[in-house]
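First to last, the sequence lines map onto chains A and B. Using our numbering, the letters of the first sequence correspond one by one to residues 173 to 456. Using our numbering, the letters of the second sequence correspond one by one to residues 62 to 331.
I should point out that these hints are in silico values taken from the structure, not numbers from a laboratory. In this text the structure is predicted, and so the values were computed from the model without any measurement. A portion of the hints provided could be inaccurate.
Said to hold, decoys possible - For each label pair, taking beta carbons as the anchor points, the in silico distance ranges come out as: (1) A/408 <-> B/101: 47 to 53 Å; (2) A/292 <-> B/299: 50 to 56 Å; (3) B/63 <-> A/211: 47 to 53 Å; (4) B/75 <-> A/358: 54 to 60 Å; (5) B/63 <-> A/240: 28 to 34 Å; (6) B/66 <-> A/292: 48 to 54 Å; (7) A/203 <-> B/73: 45 to 51 Å; (8) B/315 <-> A/328: 53 to 59 Å; (9) B/88 <-> A/187: 41 to 47 Å; (10) A/295 <-> B/318: 50 to 56 Å; (11) B/132 <-> A/328: 57 to 63 Å; (12) A/203 <-> B/88: 46 to 52 Å; (13) A/312 <-> B/287: 32 to 38 Å.
Stated by the list, open to error - Take a look, some chain A residues computed to stay more than 12 Å from chain B by CB distance: (14) 276; (15) 415; (16) 431.
Glycine is no exception: its CB is placed at the ideal position from the N, C-alpha and C atoms.
Next come the chains, spelled out residue by residue.
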Amino acid sequence: MTDGNNQKPRNGSSGIIIETRNLVKRFGPKLVLDNVSLAIEKGKTTVVIGPSGCGKTVLIKHFIVLIRPSGGEVHFKGRRVDNLGERELDQVRTHFGYLFQEGALFDSMTVAENIMFPIQQHARIRNRGEIEDIVKAKLAMVGLDGFQHYYPARLSGGQRKRVALARAIALNPEVILYDEPTTGLDPIRSDIINELILKLERELGVTTIVVTHDMKSAYKVADRIIMLHNGKVIADGDADDIRNHVHPVVQQFIHGQVSDDDLAVLRMTGAATTPQFLPRDFEQ
Amino acid sequence: MLAALGAKAVQEVVDAGHFGRFAWRATTTSARCCARRRTFPLVWNQMFVIGVHSVPVVMITGAFVGMTLAVQAYDQLAGMGLEEHLGVLINISVVKELGPVLAAVMLAGRIGGALTAELGTMNVTEQIDAVRSMGTDPIRYLVAPRLLASLLLTPVLTIFADFMGVIGGALVSFLQMEINSRAYWNHSASAVALWDVSIGVAKAFFFGGAIATISCYKGFTCKEGAHGVGQACTEAFVASFISILALDFAIAVISKNIYEIFWPLKSIVT
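Required output: the full structure, derived from the provided sequences and hints.
Put into structure tokens, the structure is as follows:
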């Protein structure tokens, strides 16, 4: 059961910051997003849930136009952005922080250099000491001050995500996009990331969009939960709405139950995994 | 069968279009970066990686080209009593053709492979997307410094290769073939003009551009996984090698025509 006590109190609404209108994305013949229309409210935490491969990451990459849509529109602060040129988009993207699933830290740079990167590219600060102070402050926010000279390869998975988060907030963005922030982490480190998401929302007042299939994390950080299935939004509401949603796919997903169809497929292919089909050394 | 062939042809045209667009963006962005002082440190870093580390490889290549030419050509020229002209053959071949082409092939393997592997790994680990997500153009940050460094340094490295080719050929000619060094250099000096050296260096400029553009493109478009990166490196080398040979032919034709047009004017100028 999900812990209802851990649910986040709701914030007040204060306008739309990101909007998609009839968003369609195809990769070859595969339809990944099918007429997705969404409005993301400013200052709130929206969590996008759904099974792996349902188009969650593709959806949030459209918000920052890392992927161009096959159809439909993306708007940021009332301005259509999906049709902008790359140079104009570079300006739009400075309003976002993006935490990639694996962190996507530059492995040839130290932790400090990774966080300095967006500052050196965009902030008009030339003083090295001033930049180092910002890096120190950002690392302190994620609890990793003192790791400035480490290379990403020497960090654990959780530390890498926290450094990536420090880099994502380096330019004080208005929106932070988290792509599977707790995937691959143990429950305690997952909770540290959840607490960080809440802390940054509280302290920086940012709009937060989280893609996850970790329901514990979703319930903890979300003001609003959206569920994607086969490229469509099938559920949209707060944590209680999702818990009580009548759609069977939503209930299967939030309770982590395999569907009858999937079970039937597993049973049909079960013969292939019986011992007589396994290699001899496997049996030993 | 016919449909599959058609689909393959269409895909090839689409791929060529993507490469053309990438090459155009890389070229125009690099041109703009020449005026941006913030790009200079990035170019400088790449010049160190591309240039300094390639000097030994390129010099060894050049030396062996000159030495092999001396061994191979000696018998033919000696049979006609023209062994003192060996320097002409070696030096023209080295500075105009073999030096630039073989140095470029070595660089395609050394630099091209490294560029594709580095950018390909960045691509599959979403580091290139990370650059874009932070509002920085990856063409400007990643491709332009590599392209500029390659354009600037391939001609310099070719001069190293040419120099070692000339020295290698001369040493074999003097020490092994016992050719009179004075006659060797006199004939060489009268036959090898600044034009020949300039054509070789100009070729190297275009070869450097082709190697960097192709390698960066393959890195940016490589498929996921270790296999994808490996395949991109192979494709980058093959494509660079073919483009070096094609450019060599094209520049040879163009330079020959330019030479024939302006050759009559030489006597007026001098």
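Checklist entry - Lying within 41 to 47 Å: is that true of the beta-carbon distance residue 88 of chain B to residue 187 of chain A? => result 43 Å, holds
Checklist entry - So the hint says 47 to 53 Å: do the beta-carbon atoms of residue 63 of chain B and residue 211 of chain A match that? => result 48 Å, holds
Checklist entry - Within 50 to 56 Å or not, the Cβ separation of residue 292 of chain A and residue 299 of chain B? => result 37 Å, violated
Checklist entry - Would you say the C-beta atoms of residue 203 of chain A and residue 73 of chain B sit inside 45 to 51 Å of each other? => result 26 Å, violated
Checklist entry - Since residue 276 of chain A was said not to touch the interface, does its Cβ keep a gap of more than 12 Å from each Cβ of chain B? => result 4 Å, violated
Item to check | Closest CB of chain B to the CB of residue 431 of chain A still more than 12 Å away | outcome: 28 Å, holds
Item to check | Cβ distance range 48 to 54 Å for residue 66 of chain B and residue 292 of chain A, holds or violated | outcome: Check passed, 50 Å falls within 48 to 54 Å.
Checklist entry - Does the hinted range 57 to 63 Å hold for residue 132 of chain B and residue 328 of chain A at CB? => result Check passed, 59 Å falls within 57 to 63 Å.
Next on the checklist: Tell me if the beta carbons of residue 63 of chain B and residue 240 of chain A are separated by a distance inside 28 to 34 Å.
Outcome noted: Between residue 63 of chain B and residue 240 of chain A, where Cβ atoms are some 32 Å apart, the hint holds.
Checklist entry - Holds or violated: 53 to 59 Å for the Cβ distance of residue 315 of chain B and residue 328 of chain A? => result 58 Å, holds
Item to check | Distal placement of residue 415 of chain A relative to chain B, Cβ over 12 Å | outcome: Residue 415 of chain A is indeed farther than 12 Å from all Cβ atoms of chain B, at 33 Å.
Next on the checklist: Within 50 to 56 Å: is that where the Cβ-Cβ distance between residue 295 of chain A and residue 318 of chain B falls?
Outcome noted: 53 Å, holds
When the structure is compared with the earlier hints, violations turn up for hints 2, 4, 7, 12 and 14 and for no others.
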